[in-house]
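J.: For reference, the chains in residue letters:
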Amino acid sequence: MAFKRATKVGAFIPTSSMGDIAFLLLIFFIVTVVFTEETGLVVSLPRAEAGEEGLRDMISNVYINEKGMISIDDMIVRTEQVAGVMAAKVAENPFMIVAFKTDKETPYGVVSDVMEGLKEANAVKVFFNTDLNLPGVAY
Amino acid sequence: MGVLSKRKKRRDVGEIPTASTSDVAFLLLIFFIVMPMKSDEIGLSMVLPGKATAESTVRVRQSNVATIRVLANNALTFEDTPVALSRLQQMIRERLAGNDQTVVVLETHPDADYGMMIACLDEVKLADARKVSLKTTKP
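Residue numbers (the numbering used here), protein chains in the order written: chain E, 1 to 139; chain H, 140 to 278.
Only chain E is shown next, with the shape it has when bound in the complex:
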């Protein structure tokens, strides 16, 4: 004689705590995320077609505006101070990339002087930030 089970027991995964877990993870990511807000200087970047993506973590930003003002990681510096400031940064992170966020109308002489400072500080990896090239727009 076969016995029949009176009631069927359905297997289920309890999902009531999923929201709690999601919220916990959410809080973790909200707390740990770092939104770096750099003021730098107002610059209008030149356009280029051959632009490639750069790693943000390794980058030290050098802003140079059209008047030749230089800001390295939110610190206004003079040309002759560039080597010293950069040498300290390279000592901290030897793989540092220096990103030039320079206005397209800046005289090249200023950029050249900054690059001389970088060479002295042995910060040799540079990255010239550009905007994407739009058709019909001169440099």
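Bear in mind the hints are in silico, worked out from the structure with no lab data behind them. Keep in mind that a hint or two might mislead.
Examples of chain E residues lying across from chain H (beta carbon under 7 Å, computed) [claimed, not checked]: (1) GLY10; (2) PHE12; (3) GLY19; (4) ALA22; (5) ILE27; (6) ILE30; (7) ALA48; (8) GLU49; (9) THR106; (10) SER112; (11) ASN122; (12) VAL126; (13) THR130.
Bear in mind that the values here come from a model prediction, so they are computed numbers and not experimental data. Glycine residues also receive a C-beta, built at the ideal position from the N, C-alpha and C atoms.
Put chain H on the given structure of chain E with help from the hints.
T.: Chain H alone, transformed into the frame defined by chain E:
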């Protein structure tokens, strides 16, 4: 009619549906996970030569050098011949096809615009020139 019959029955309490809370939490979670990965650094990368020493100095034959000059008035010359920016890439390509050892020297006047120098560097990169050197015209 007794007093008891006048007593109100227990009211149904309105509920806020919470079934979608975990979905909202997950969406926010995804946002906070993806946000820091966003990379908006686009540009042209280069490696500077570093401090000039006797060992690091490389001699290049004059015949292997192709010089692009950006003059103070932002005019361009390629091998001392005036050239338009739109023709530059083609000329570099032709030069590279003739001699793959060619080192492209981008010589910029200190008074020239940085944007013009980047426009030339862009053309050099687009022409697949591997050996590029930056130089500043002595004023």
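J.: Determine for every hint whether it applies to the structure shown.
T.: Structure-based check of all given hints:
1. GLY10: Violated. Min distance 19 Å.
2. PHE12: violated, 16 Å
3. GLY19: holds, 3 Å
4. ALA22: holds, 4 Å
5. ILE27: With Cβ-Cβ at 10 Å, over 7 Å, it is violated.
6. ILE30: holds, 6 Å
7. ALA48: Constraint on ALA48 (chain E) satisfied, holds at 4 Å.
8. GLU49: The hint holds - GLU49 (chain E) has a Cβ within 7 Å of chain H, the shortest such distance being about 6 Å.
9. THR106: holds, 4 Å
10. SER112: holds, 4 Å
11. ASN122: holds, 6 Å
12. VAL126: holds, 5 Å
13. THR130: Check passed: Cβ of THR130 (chain E) comes within 5 Å of chain H, closer than 7 Å.
Going through the hint list in order, the structure does not satisfy hints 1, 2 and 5.
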